[in-house]
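Could you use the hints to bring the two separately framed chains together as a complex?
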Amino acid sequence: MNAVIETRGLTKTYGAVRALDGLDLTIPKGGVYGVLGPNGAGKSTLFRILLGLIRPTEGEATVMGGAVGDVAAMRRMGSMIETPRFPPYMTARMVLRWLALEHGVGGETDIPYWLERVGLTQAADRKVRGFSVGMMQRLGVAASLMSRPELVILDEPTSGMDPPGIQEMRALIRSLAADDGVTVVLASHQLLEVQRVCDRVAILNKGKLVREGLVTDLTADGERLRLIGTPIEKVLGALSVKATRDGEAVLADVKRSEGPALIRALVEQGVDIHEAKWVGTDLEAIFFTETGSVQTPEADHAG
Amino acid sequence: MLADAIRAENFRLWKNRTTLLWSTVFVPVMAVLFGAVGIFVMKASEAKIAADTKMPPEVMELISNTPINLAEAISTNASKMDNPALLLFVLIGAATLYAGDYRWETWRLISARNSRTNLLLGKLVVTALLSLIAMGLMMVAGIIETFIRAAVFERSLTFALTGEMFGHFLSGLALCWLRIVQFTMMGMLAAVATRSLLAALFVPLVVGVAQFFSPQVLSPMGVMPDAWQAILLNPGAAMDALKIAVLSPEGAPPLPDGLVLKSVVSMALWTVVPLAGALAWFNRQDLSKE
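First to last, the protein sequences are chains Y and R.
For reference, each letter of the first sequence is one residue, going 1 to 303 in the working numbering.
For reference, each letter of the second sequence is one residue, going 1001 to 1290 in the working numbering.
Same shape as in the complex, but just chain R (with noise of 0.2 Å):
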């Protein structure tokens, strides 16, 4: 049964305190820390930096006058959840619930009394919970930095949510969860395919640099960013697409014919295919050899 396999997998979890530590609490503790050190610097300079930018008092005196609204601030930050550093932790937890039953040899315990199919959902659906906490961690760590921000520049809050600020923060963070949940599902892949711990943390992220710099390689050789195969190989360039066109952010240019489709398209198969290609190695995985 899949409801078992994911109550187990997410029993796990919650006992497993280092790795949820590690891969929802550091990056949000951490993004509050670094935040309010850049908080406090600003606020030292800002003398420096009204005199450098030669900004009139008025202004100045209207931008502290302005309330922050929290809403807008929680509406922006959802679409930024994506961020490496939350990536490359979250990768950490995926990768300890992917690749744990062969690091611990405990396949044998389990493997015989549920379908393979349902172990490995059963983990997806855990990932993308684990997911799913951290970016509540860091949404909460936005939060808290706004009232950082509004305390040391003696900015009032304010809460004035829009319906328009209410659907780009659903589908920022459903844009930014389908990403990482895209990450992990190639750790899950690298776990199967090499029973390492170390694979499913690290395939992912070189392959994510390696997305990164295709632009680099693929223009040389007369390969457009907007053509199929560079947004097929770069799924990074496809989710910005989509962000833009779902987000329509101010000052973002106007997207090229066609390419939300294809970014649709490489979006998909980036999910599908490590998902297919892991379901169909596990099942016929010798789990002998853990």
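So that you can see chain Y by itself, here it is in the shape it has in the complex (with noise of 0.2 Å):
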């Protein structure tokens, strides 16, 4: 596996807080990976320390095959992490060009491309003082990408935006990965959001790593087979099948193998079936079982 980002024994301590604990991460080259955790489980950090904002208390860390502070290796890179601010006083299109002067790296003519590329054409020249955190989130997203990186960290790429601007970063980040080739890395507090766009997930807590793998493999843990049908529940007991209700259909703990016999015999019981799919366990659900979170709302938008 080629790896863009490695870490081994990566610590962080901030007086008797451990942020990072010992963190052995290695993370693919290609696609989009998301980095999952609740409020203090060691995101930030994690990607402080990436960026070389921060030193690690022990352990050590690569990235694109550099220690982090290796220039050559670092301008391989383009982030955003936490909302991105700009010097007030500039238009949006002064932001992506002075980046471009301190990156050393592209012309006037990236510019337009990626202002378009984020939907803020119509804001080029507006000073970001009067941006919304929205806005200043697509010029982050714009402002990482001005190098044309082949790794891309986003921190919260999403937060502060309308349902349309999430869909359009959404795609954003999926092309960046499909079209251009760039790995994506990416935390968010949106699990489905996460499940939507990445590929592959880490999940953390308190400083540790405790699930890693692909969106799909973890996903298909725990698959049910969700049944709509009439009358279902009944036979579904009389079958020892254990089931439990969703709506107006029920979940049917069943493996795989299994699907095709069991729906033969409720039809042979005189189940009326009107719907039968694989429904796998959703991210949200391991990302609680995972880290032991308390599932409620404000939990799940938290910053």
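Worth flagging that the hints you see were computed from the coordinates, not collected in a lab.
Careful, some of the hints might be misleading.
[Unchecked claim] Subject to a maximum C-alpha distance of 20 Å in a straight line, what follows is the list of computed SDA-like cross-link-like pairs (lysine to any residue):
1) Lys1015(R) with Met90(Y)
2) Lys127(Y) with Lys1015(R)
3) Lys127(Y) with Trp1104(R)
4) Lys127(Y) with Asn1010(R)
5) Lys1015(R) with Gly104(Y)
6) Lys127(Y) with Asn1016(R)
7) Lys1015(R) with Asp125(Y)
8) Lys1015(R) with Arg93(Y)
9) Lys1015(R) with Arg126(Y)
10) Lys1015(R) with Arg85(Y)
11) Lys1015(R) with Met94(Y)
12) Lys127(Y) with Arg1103(R)
13) Lys127(Y) with Thr1018(R)
14) Lys1015(R) with Pro88(Y)
15) Lys127(Y) with Trp1014(R)
16) Lys1015(R) with Arg129(Y)
17) Lys127(Y) with Thr1019(R)
18) Lys127(Y) with Phe1011(R)
19) Lys1015(R) with Gly130(Y)
20) Lys1015(R) with Thr91(Y)
21) Lys127(Y) with Leu1020(R)
22) Lys1015(R) with Leu101(Y)
23) Lys1015(R) with Pro87(Y)
24) Lys127(Y) with Leu1021(R)
25) Lys1015(R) with Ala123(Y)
26) Lys1015(R) with Tyr89(Y)
Structure representation (structure tokens):
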């Protein structure tokens, strides 16, 4: 596996608090990689170390094959962490020009391209002091992509965006990975969003890696057969199949290999089956199981 | 790359027009205005001054018939560029440059892709450029003032530049530039240490005031003004000594033995120590807490 980011025993302590606790993580090249975790799990600390903003207490990290701080390697990476801020007297176009100069890349021609790609063409010549949080996020993403990096780290890229904006950002992230060959590493609290956009995820809790893998593999664990039919619950009970109600449907705990036999048995018992499909455990359920967090609406959107 | 850092910082400075205006244009404009007012007041009281000083009419006539040498005026002004007003307003620009990334939380946008040393040195170079611009405009203000003086007093203007004058012009300018940049480097260290724009502005000012009063504090302790301690603590006095040594103005007292060496060491220390301190601090700094 060709890794873009590798950490070995990465530890960061703030006094008595261990923000990262011996983290071993390998992020492969290609696709979209999600880093999940409740507040205080160590996501932001990890990103700050990878960007060289802070030093680890112990352990090491490499980015694009070079140690953190190796400018040649770091120049192959773009980033946007937390809500980005910019000099307020600059317009969006000026910000990108400034960062292109700072990064030693990009001519004037790249600026309209990236402004259009993040949907800021209309606001290109407006001072950023009047930008909404969502617009700042868009500009931050454009700024992270100005140097056409091979790896981009995005922390909460859809934070503060309206639903159409979220959809656009999701499409942009997918297209960066699929069309531009950029490896995208993102952190988000919006688990449904992560499930939709990421190929692979790592779940951190209390500074440690608690789960890692392909989203499809993780959500395939605990797969259940979702059935809509009448009458169904009594029959399932008679067949000794454990099932739980989910609205108008029931979720039957059976293995995929047992599915066809179960459906045959239900039909033989006179059940009219209107719908049958396999559903995996969603990322949200895995997240709350692994992190032991209490699922509340606030927790789902916390910063 | 240092060149990238300089280009980017320079771009940002030119887009920050408010800072640019206050730190480079304001003082020269005020200098012209106040200078012109002073000239008009002097013209209005010319007769009274002549009467008070009992100056013979022949001398008055001789003065008014002597042309003003613009080259001499420029050369003399060059060694006065480190005046407190210009210094204060250049410091506003320098503080914005050094502390701006803390204030706007923009270090995180740029620090991953360049070395921290380059980023800080880029700011230093642009601050030096800003100082030079402010000094250039101040010189233009001096020229305008000279023109006004010539017009008001109906004196002719000449431009008789000698090699000595040119040498004084260059060395005076260089010394003043060094002194201003030295002050801004104290601002750099304060900005890095405190992450505060106000500290970047006021720490150098407070240090400057303390330096100014240091002879009054040291004298009762038996430390002579030309002693090592006095000169090392007061780069302002070191600068004055160097100006006398280099420009040898008329009527200046002879410098005590060894004072030039002490002054050079003092100036070097006050230049290198803040820079080295800022670089060392910045290279180890946690930039996640902007």
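Structure-based check of each hint:
1. Restraint check for Lys1015(R) and Met90(Y): satisfied, since their Cα atoms lie roughly 7 Å apart, inside the 20 Å limit.
2. Our distance criterion of 20 Å between C-alpha atoms is met by Lys127(Y) and Lys1015(R), whose separation comes to about 11 Å.
3. Restraint check for Lys127(Y) and Trp1104(R): satisfied, since their Cα atoms lie roughly 14 Å apart, inside the 20 Å limit.
4. Between the alpha carbons of Lys127(Y) and Asn1010(R) the distance comes to roughly 19 Å, so the proposed pair stays at or under 20 Å and holds.
5. Under the criterion of a C-alpha separation no larger than 20 Å, the hint pairing Lys1015(R) with Gly104(Y) is consistent with the structure, at around 19 Å.
6. For the given pair, Lys127(Y) sits about 12 Å from Asn1016(R) by alpha-carbon distance, which is consistent with the 20 Å threshold.
7. Straight-line distance between C-alpha atoms of Lys1015(R) and Asp125(Y) comes to about 13 Å, which keeps the hinted pair within the 20 Å bound.
8. Under the criterion of a C-alpha separation no larger than 20 Å, the hint pairing Lys1015(R) with Arg93(Y) is consistent with the structure, at around 12 Å.
9. Of the supplied pair hints, the one linking Lys1015(R) and Arg126(Y) holds, its CA atoms being roughly 13 Å apart against a limit of 20 Å.
10. With a C-alpha separation of about 17 Å, the suggested pair Lys1015(R) and Arg85(Y) falls inside the 20 Å cut-off, and the hint holds.
11. Restraint check: the Cα-Cα separation between Lys1015(R) and Met94(Y) comes to about 8 Å, which is no more than 20 Å; the hinted pair holds.
12. Taken as a hint, the Lys127(Y) and Arg1103(R) pair is honoured in the structure, with Cα atoms around 17 Å apart against an allowance of 20 Å.
13. At most 20 Å may separate the alpha-carbon atoms for a hinted pair to count; Lys127(Y) and Thr1018(R) meet this at roughly 14 Å.
14. A C-alpha spacing of about 11 Å is found between Lys1015(R) and Pro88(Y), which places the hinted pair at or below 20 Å, so the restraint holds.
15. At most 20 Å may separate the alpha-carbon atoms for a hinted pair to count; Lys127(Y) and Trp1014(R) meet this at roughly 15 Å.
16. Proximity of Lys1015(R) to Arg129(Y) is assessed by CA-CA distance (about 14 Å); at most 20 Å being required, the pair is judged to hold.
17. Pair hint Lys127(Y) plus Thr1019(R) holds up; C-alpha atoms about 16 Å apart against a cutoff of 20 Å.
18. At roughly 16 Å between alpha-carbon atoms, Lys127(Y) and Phe1011(R) fall within 20 Å of each other, so this suggested pair holds.
19. For the given pair, Lys1015(R) sits about 17 Å from Gly130(Y) by alpha-carbon distance, which is consistent with the 20 Å threshold.
20. Between the alpha carbons of Lys1015(R) and Thr91(Y) the distance comes to roughly 9 Å, so the proposed pair stays at or under 20 Å and holds.
21. Simply put, Lys127(Y) and Leu1020(R) have alpha-carbon atoms about 18 Å apart, close enough for the 20 Å limit, and the pair holds.
22. At most 20 Å may separate the alpha-carbon atoms for a hinted pair to count; Lys1015(R) and Leu101(Y) meet this at roughly 14 Å.
23. Simply put, Lys1015(R) and Pro87(Y) have alpha-carbon atoms about 10 Å apart, close enough for the 20 Å limit, and the pair holds.
24. Pair hint Lys127(Y) plus Leu1021(R) holds up; C-alpha atoms about 19 Å apart against a cutoff of 20 Å.
25. For a cut-off of 20 Å, the pair hint linking Lys1015(R) to Ala123(Y) stands: about 18 Å separates their Cα positions.
26. Using a Cα cut-off of 20 Å, the hinted pair Lys1015(R) and Tyr89(Y) holds, with the two alpha carbons roughly 7 Å apart.
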